[in-house]
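All chains, please: the whole structure from these sequences, using the hints.
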Amino acid sequence: MTDLQTFREETRNWLEANCPPEMRKPGDVCWGGRNPQFSHPDQEIWLERMGDKGWTCPTWPSEYGGGGLSKEENKILQEEMSAIGARSPLGSFGIWMLGPALLEFATEEQKKEHLPGIVKGKYWWCQGYSEPGSGSDLASLSTKAIEDGDNYVINGQKIWTSYADRADKIFCLVRTGPQEPKHDGISFLLIDMDQPGVTTRPITLISGKSPFCETFFDDATAPKKDLVGGLNKGWTVAKRLLEHERTMISNMGLAGGGDGSGSKKMSGLAKVSKQYVGEDADKKIANPSLRSKVAKHEMNSRAFGLTLQRIGEETKVGAPSPAAAMSKYYGTEHNKLRYELLLEAMGSKALGWEGEGFTPEELAITRDWLRTKANSIEGGTSEVQLNVISKRVLGLPD
Amino acid sequence: MTDLQTFREETRNWLEANCPPEMRKPGDVCWGGRNPQFSHPDQEIWLERMGDKGWTCPTWPSEYGGGGLSKEENKILQEEMSAIGARSPLGSFGIWMLGPALLEFATEEQKKEHLPGIVKGKYWWCQGYSEPGSGSDLASLSTKAIEDGDNYVINGQKIWTSYADRADKIFCLVRTGPQEPKHDGISFLLIDMDQPGVTTRPITLISGKSPFCETFFDDATAPKKDLVGGLNKGWTVAKRLLEHERTMISNMGLAGGGDGSGSKKMSGLAKVSKQYVGEDADKKIANPSLRSKVAKHEMNSRAFGLTLQRIGEETKVGAPSPAAAMSKYYGTEHNKLRYELLLEAMGSKALGWEGEGFTPEELAITRDWLRTKANSIEGGTSEVQLNVISKRVLGLPD
Amino acid sequence: MALILNEEQQSLKDIARDFLEKNAPITHFREIRDTANETGYSQELWKEMSELGWAGILVSEDYGGFDFGMMGMGGILEETGKTLTPSPLFSTAVLGASLLEMAGDDTQKSNYLPRLVSGELTTAFALEEGSHHNPTNITTSAKKDRDNFVINGKKTFVIDGHSADLIIVAARTKGDEDDPNGISLFCVDSNNKNLKVIKQSMVDSRNCAEIELKNVTVSKNDLLGDLHNAYSVIENVLDVARVAIAAEMLGNSSKAFEITLDYLKERKQFGVLIGSFQALKHRAAEMYSEIELTKSAVVSAMNAIDEKSNDTARLSSLCKFKACETSHLVSNESVQMHGGVGVTDEYDVGLFLKRSRVAEQVFGNADYHVDRYATLSEY
Amino acid sequence: MALILNEEQQSLKDIARDFLEKNAPITHFREIRDTANETGYSQELWKEMSELGWAGILVSEDYGGFDFGMMGMGGILEETGKTLTPSPLFSTAVLGASLLEMAGDDTQKSNYLPRLVSGELTTAFALEEGSHHNPTNITTSAKKDRDNFVINGKKTFVIDGHSADLIIVAARTKGDEDDPNGISLFCVDSNNKNLKVIKQSMVDSRNCAEIELKNVTVSKNDLLGDLHNAYSVIENVLDVARVAIAAEMLGNSSKAFEITLDYLKERKQFGVLIGSFQALKHRAAEMYSEIELTKSAVVSAMNAIDEKSNDTARLSSLCKFKACETSHLVSNESVQMHGGVGVTDEYDVGLFLKRSRVAEQVFGNADYHVDRYATLSEY
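Protein chains in written order, with our numbering: chain P, 1 to 398; chain S, 1 to 398; chain C, 1 to 379; chain B, 1 to 379.
Think of the hints as simulated: they come from the structure by calculation, not from any bench. Be a bit skeptical, because a hint or two may be false.
Claimed, not checked - From the derived model, a few chain B residues whose C-beta atoms are all more than 10 Å from chain S:
1. Ala2
2. Arg17
3. Glu128
4. Val150
5. Gly153
6. Thr217
7. His328
8. Gly339
9. Lys354
As the list claims (entries may be wrong) - Sample of chain C residues facing chain B (criterion: CB under 10 Å; computed from the structure):
10. Arg33
11. Phe277
12. Arg283
Remember, predicted model here, so these are calculated numbers, not experimental data. In this text, a Cβ means the ideal position worked out from N, Cα and C, and glycines have one as well.
So this is what it looks like as structure tokens:
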């Protein structure tokens, strides 16, 4: 038996013994934090057990509390969890965004201080990048951090800070240097949200309530030791994090769209179309024009899925390829179109907001449709992505 | 009987008496010139009779050889000519472009010298605007005219000069002043083509042979008195002429496209589609996807036709309205799409170049399709039109 | 064909704009929405609109109306599209008025129209039964029972159906589903105990209802128009209604575009106004072209209705098609060009997006009218 | 699924690029065109291509071929798409080789394939009868007459039909028009006196023919594959051919795009490079995205053919669809972005436009494959 086979067997046994029954059913994922909310007692047990093993962050080094697994071992862990339907133990921007940045840019001391807390879900982290005046032009940010003894004093405003109203800490881009050249005066700072100088206000989106907030800093403070990556070197950290974010969002373009595989079974869009407009004697979607739009969309879904796969094969490394800008652009525009087609297929049934007269699924489509409109804005607008492609990939002049 | 009724009766009688039988059939229009070519002797008679009456240019003042007709009278003349199928007596850029410019900008002496020759078709005029280095950026033209006694000496190259190889004279934009500010150093000059310093070379287009030429000036000369509109004031003349040209081209978008009227009879595109892909039991175009594209196109044709009509009603004056840029843009893009749809409808039958295996109509469609590709380039590219709309109509900043 | 408003029509439109900007700007719509107003519009505002004569624009003078035609009504609707003003203008002054005018007998007209004109009576047209517009898809049945009709069935997407006083129901009196023959219209009092009305809370915060009819009994005097033969009236009324909603959508698109242009001229990124970015400029110019085309299609269809042109059906489909296409494009582009703030509820531009999609579905979306135009053109 | 070429396949493609750039650049195509070359390609060049082994890539080793698969052939075709090289590669090495390989008996294969591999024998597939691709629309009839078949009918859009040595004809041996059953394939010598071959001069200056068959008599030994049941072979061969032409179209689009990018980087207007205009940049970036998607669709379909995937039909339709869409877009945009010179014969970009439209029609345009994909996906 190879090491990997042994690992698989041990993992399977451990999961069998330690994953509580309730956590083998679909359901919400907890986000940890100082005042964690568990929708079921099993959630707390599951988080504690997985956190102790470091399997909330399976590939992180074990000296920082991570699982220390190889890529292959992690793949096995994911497969075995999926086999018993095990829920993810912890949702966290700390895991998805801050952690990888700390691993790459932080000092040994900073890693030791912050990573174990992320692994165990002790703090709920949020991200403070955008500001009202700096959307696509992120580097024009103006939130200031001024030195004051061992601390920085922070003043300014962030926007689109997801879950800021529930988070314990924020990783933040702040201006520590002069305005010009603007990229060179930015630092990456970790700030505690639990202080009087920090207030938040939730943002209502066109799709309804949202996790987004505005976050205000009014003489807030952070210790100097929590500046990551060096004074005025925050832009490097930020760029890497943005790349991760874009890849995350571009993959959304495939969520539910197209089967991506060789299977003949109808995909969601075609099925919904048949359900709402009916099928003809040949089992075709009854409205030929809608059928043609649906088929084109499914074909593009598949071509896009194959492209992500091809890019993966081509790069075979973790570093984002130049095609990442294309994926973010195409994936989000494609996803928006998918929802427009769902609306077209469902007619007046996709136009409900709440209450009676619509099924919960129908109401969800309406809200999701509105939510997709932000896909091509958040994490770099489509326009910015097209700029990036034309400049970096195509070499067109400024 | 009103004056107009009298005029109609007289016109009808005159046409009846003077329009030769051959000229009441469809056929080619002669372009006059020093060495006119007539495909039939009646063509010469018809040109002479109409020229003598000034009815080649019905609304031009009679002191310059024109017909001196009012707008209403001209409308009657056109109606009566159309009633007997009378062919246009003369095709000429002198009539369509140069004449209106002379009437607006020339001195009395220049008008007296040049307009009567245009009316009678004595000279074939061509237009010398674009240069290889100055496409959309017309004002960057570099063909130079240097003073030399009573003359200008001209050196440089023009491109897209229609029929330059057959024309007797050219109206030309030349640089007479300094390069910067570039619009202020341009003059509008009339040059005789029959001199050793002028040579031409025809341009073959992707659609085949074309009336376009390159025209080379190599120490060519023109008398100073043939500078129109004042030294270094040629840009004003040019702008007006370009507006006329755009209106002319944008109207092409409707040529053959849509019936524009309330009549139910099938338009060309739908008819061709039925002919090549057949119709189903309900008399619909057999391919539903093509049918939908054809119908959308016909609907847009109609909406565009109604828009031209509405703009006409709104302005009710000769001056081009701000919507002219929109008409040029939309009309040409729409016409290009129309030909793409014809190709789609006709399949492999629209892909012939010459010779056997295709009908003459099919071969003409292929060539015309290729020719339409120039519509959105000549007379101001679509990109320039969109710039103009966003700046002048929408007031967006530079 | 007149493709511009005459002086009277223009003046009516100008008055409407001034009135709406003052009395029912977008903040008014937000207030109705955020207070979860039960009727979905301000009854006081509707009273004022009626006093201005708007309810009676399509009603003949014999019944207290002003017979001012679609060229008049369209201009007002365009203005309400700009301010997103919720009111029974469409359901009552367009749909109800046209149905009663075209199908009603003298008794019915005398009974309903004067009250409709004065703003006392509101109406709704219970037509649709499925998720997509289909005026022949009528399975709701009306069976004769001596001097009465007994109606059974279920209607959906009934605009203002939860607040109207009078519900005009399309029901089948003979024939099979999808047969245009055998459809009749009935006047049903909304207080009828056998009506089950469910208010549908729509994404645009306007007012629709699902209406279930269980043995709803009406007198034979409530039959509106000829027995079995209501379809041609329905099609005529639908053409009027399509032009009306298209006019509103034109206003919607124009205003969303205007708001966006303003934003492009004031928002800075990378040190310059975003309106100076050529890619956005070109997209703006394309939207402008589409809006111009839509404008022409709408005004020509309004004119066709007033002149009783025999090409009204095609022009009505043309203008609904262009209105749908343009408002789809403009609403999406407007949100995108606003960037982050475009997807917040705080900015108005999202409200136009929401209204756009609902209006697109009213009496046939773009696809429906492309198909219809081709069929009417015999290809 | 392998979505990138392996080393051998990549090396074959690199050799092809070098060979074509040296021996058959676009100037070669212009020369063939401008001298009105009778075969429409250089026979000498074809000999050289065959010596490189290209004619035998899809032929099994038993008959002298190299059995190198579509991942090999596709790379070469992509390169010929870039140089617009005219040759019988598609008609002979793809269509002829696949038809003979899949349908031929041992005698037929031994007779034809080695000569095909060596470049001696060229072939054409006479399938289409109408203006639009439709492989079941076969009315050309083959009637049994003792040991012979007598063929009558008319074929069109037969690629290389005027120059091929062997014409493989799809004819109906039973059933009605549009019935997939009852279709058979026959080998017809192009010297057959009863063939009337009319060379069609196409817009892309390639080589097609209309072929009329009047009592063309062939022996029963010339029946290729099973009597009546050729349709499944035809569909399989068509799928190979669709992927092949899509690979060529990908090369065509990539090169037109490259030429255009170069132009954007060198042409100045208003004192700046036109490639700095944001509207053009965004359109270029959109083209780039479409080309990337097409690339993935093409390579996955090549792979499916080589792996005999049971999803080959859908992937073949997917890649022809994307190739058509992309080449349509890119060819139009390339001409437009070149401005005036783009519509002159002197510049190459128009040649790509012309080739694009012909290739779009070969064995199904975008619409055809959207419909087929949906049908195969059971909706």
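Here's how the hints hold up against the structure:
1. Ala2: Given a closest Cβ separation of 33 Å, the condition holds.
2. Arg17: The claim stands: Arg17 (chain B) keeps its Cβ more than 10 Å from every Cβ of chain S (closest is about 26 Å).
3. Glu128: 7 Å, violated
4. Val150: Fine: 25 Å to the nearest Cβ keeps Val150 (chain B) off the interface.
5. Gly153: 16 Å, holds
6. Thr217: 25 Å, holds
7. His328: Since the minimum Cβ distance to chain S is about 8 Å, His328 (chain B) lies within 10 Å and the statement is violated.
8. Gly339: 5 Å, violated
9. Lys354: Violated, since 7 Å does not exceed 10 Å.
10. Arg33: 36 Å, violated
11. Phe277: At 6 Å from the nearest chain B Cβ, Phe277 (chain C) passes the 10 Å test, so the hint holds.
12. Arg283: 8 Å, holds
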